[in-house]
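Asker: Sequence:
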Amino acid sequence: MTLRVGPARRIAFINEKGGTGKTTLAVNTAAWLAAKREKRVLLVDLDTQGHAAKSLGIDVRTVTTTAFDWLTRDDVSLQQVAQPTATVGLSVIPAYKQLAELPQVLSQDPHRGRRLARRLEGPEADAYDYIVFDGPPSLGLVTTNILVAATEVVIPVGVTYLSLDGCAEMVQTVERVASEFARPDLKVSLVVPTLYRKTALADEILAKLQEYFPDRCAAPVALNVAIDEAQSHGKTIWEYAPWSRGATLLQAVAESVERAGSAPARKTA
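Positions in the sequence shown are counted from 1; adding 18 to them yields our numbering.
Don't read these hints as lab results, they were simulated from the structure.
A quick note: this is a predicted structure, and the numbers were derived from the prediction, not measured.
Idealized CB from N, CA, C, for every residue including glycine.
Please note that the accuracy of each hint is not assured.
[To be verified] No farther apart than 20 angstroms at their CA atoms in a straight line, the calculated lysine to any residue pairs in the SDA-like style are these: (1) Lys72 / Asp127; (2) Lys216 / Thr178; (3) Lys57 / Leu138.
[Stated by the list, open to error] Ranges of calculated distance between the beta carbons of each label pair, as one might list FRET restraints: (4) Val123 / Glu56: 36 to 42 angstroms; (5) Leu241 / Asp92: 41 to 47 angstroms; (6) Arg136 / Leu219: 30 to 36 angstroms; (7) Arg194 / Glu142: 37 to 43 angstroms; (8) Gln126 / Gly75: 21 to 27 angstroms.
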């Protein structure tokens, strides 16, 4: 009998700089995998703004159990905190402002950097084919937890001035966490240029990204009204405007994410 060890893929969408489209990519990639590939997907929102859940039509202000409770209380199970969404196969663990208190609450825990990974151990998490993390736009304990729990990292990079420096710093952070927490398998699987506009500067930055990441740079995602409108309605692009240019752009990203990683080794029994 063949047994699957944990989720097939654990993908972290992370950038230490905000405003790169990180949440947009995480939400719509997770929804695409569930809707178009018929996979069981868990989206874990770990940003205090709670935008991932909001983008899926969930009012995080009224949610009684959030990622903060799940990460700080052993009596809160994954099943209790995961919320169903309008997309069949996609569940989300919502976050909100309380998550900002996580470093203080876990300050005395010697294993605080592995808290998320440990909470994802067991049959509840193993039932998912993909676990997608939406990280905060900053470096700290939450980001460290995500990197320790993930198997691969997708870095959205705004095609703007200084973006290359931010991308390089994020790569260094991934390498540092992989070394510090003995995670040699952790890798940057994809870099996604976002906020693209057809300008000389944007094309220059895009060329450099393609040079630095020749096999890991996705097609650029241009600014698109339909994508913004979908979020404002609490819907994925597949629900709001499935035949739009925005849907085409985000599908290309989702397909690149799907191709970029590989499933972990499986054991037989």
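Asker: Taking the hints in turn, state whether each one holds.
Answerer: These are the hints, each one checked on the structure:
1. Lys72 / Asp127: violated (31 angstroms)
2. Lys216 / Thr178: holds (12 angstroms)
3. Lys57 / Leu138: Status holds; Cα separation ~18 angstroms.
4. Val123 / Glu56: 36 to 42 angstroms: For Glu56 against Val123, whose Cβ atoms are near 38 angstroms apart, the range 36 to 42 angstroms holds.
5. Leu241 / Asp92: 41 to 47 angstroms: holds (44 angstroms)
6. Arg136 / Leu219: 30 to 36 angstroms: Violated, at about 44 angstroms.
7. Arg194 / Glu142: 37 to 43 angstroms: Violated, since Arg194 and Glu142 (Cβ atoms, about 30 angstroms apart) do not stay within the stated range.
8. Gln126 / Gly75: 21 to 27 angstroms: violated (37 angstroms)
The earlier numbered hints that this structure contradicts are 1, 6, 7 and 8.
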